[in-house]
Amino acid sequence: NAGVMQNPRHLVRRRGQEARLRCSPMKGHSHVYWYRQLPEEGLKFMVYLQKENIIDESGMPKERFSAEFPKEGPSILRIQQVVRGDSAAYFCASSPGIGMEETQYFGPGTRLLVL
Amino acid sequence: LAKTTQPISMDSYEGQEVNITCSHNNIATNDYITWYQQFPSQGPRFIIQGYKTKVTNEVASLFIPADRKSSTLSLPRVSLSDTAVYYCLVGDSSSGSARQLTFGSGTQLTVLP
Chain A
1 NAGVMQNPRH LVRRRGQEAR LRCSPMKGHS HVYWYRQLPE EGLKFMVYLQ KENIIDESGM
61 PKERFSAEFP KEGPSILRIQ QVVRGDSAAY FCASSPGIGM EETQYFGPGT RLLVL
Chain B
1 LAKTTQPISM DSYEGQEVNI TCSHNNIATN DYITWYQQFP SQGPRFIIQG YKTKVTNEVA
61 SLFIPADRKS STLSLPRVSL SDTAVYYCLV GDSSSGSARQ LTFGSGTQLT VLP
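Chains as they are written, first to last, in my numbering: chain A, 1 to 115; chain B, 1 to 113.
These aren't lab readings, by the way, just hints derived from the structure by calculation.
Treat each hint with caution, since some may be false.
[Claimed, not checked] Taking lysine-lysine and the DSBU-like style, the derived pairs with C-alpha atoms no more than 35 Å apart in a straight line are:
| hint | chain 1 | residue 1 | chain 2 | residue 2 |
| --- | --- | --- | --- | --- |
| 1 | A | Lys44 | B | Lys54 |
| 2 | A | Lys27 | B | Lys52 |
| 3 | A | Lys27 | B | Lys54 |
| 4 | B | Lys3 | A | Lys62 |
| 5 | B | Lys54 | A | Lys71 |
| 6 | B | Lys52 | A | Lys62 |
| 7 | B | Lys69 | A | Lys71 |
| 8 | B | Lys54 | A | Lys62 |
| 9 | B | Lys3 | B | Lys54 |
| 10 | A | Lys27 | A | Lys71 |
| 11 | B | Lys3 | A | Lys27 |
| 12 | A | Lys44 | A | Lys71 |
| 13 | A | Lys44 | B | Lys3 |
[What the hints assert, rightly or not] A few chain A positions that, by computed beta-carbon distances, are all more than 10 Å from chain B:
| hint | residue |
| --- | --- |
| 14 | Gly16 |
| 15 | Leu43 |
| 16 | Lys44 |
| 17 | Ser66 |
| 18 | Arg111 |
[Stated by the list, open to error] Which stretches of chain A does chain B cover? Using the computed rule of at least three CB atoms under 8 Å from a CB of chain B, they are:
| hint | stretch |
| --- | --- |
| 19 | 33-42 |
| 20 | 46-58 |
| 21 | 71-77 |
Glycine included, every Cβ here is placed at the ideal spot set by N, Cα and C.
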């Protein structure tokens, strides 16, 4: 049973370009979460999605960032017109979407470097 | 969301038992306590989760006193490969709008030979 998959693992972009980060949840999981981690810091929540729905995007910057989780295919975190401050590790997590104690399982992350 | 406080760092030696305590004075009735482990350049890995008393799995034990204002992660007989950052999180994962996990700075555990 494969875990959470993320690709690419490393992404280099120049300022002003677009970055697309993909996340495939664990089999059977219908809930996806995106987090960002700056160097020497803990993870910060960005957005929580279910299939075709954004449930909570309270941690997402208001501009340039968007996320989707289509009916088919992986979840996508999209960053438009990247700036140097977007350089960070972006982690995706998934959970089954049922039960009280919902454990989130994390992927290996995508490390974005903006030049 | 309940705030957590844990030591910034701890050192231990191989073979010893390590206990990392986390304070969460404002824990709510529906909140669970979850611990994650993170190695450099990797995503957090779930270790253990509990609500009250004691929980044990093949990796660790979690002790939660009756007032639930703190919890202690216990790692038996640590090895060098247990060197990592350990995060204590508190949250109510049953609520759709409150599923976000709040990570603090974590505890850097260093296991020495």
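**Prompt:** If you check each hint against the structure, which ones fail?
**Reply:** 5, 6, 7, 8, 15, 16, 18 and 21
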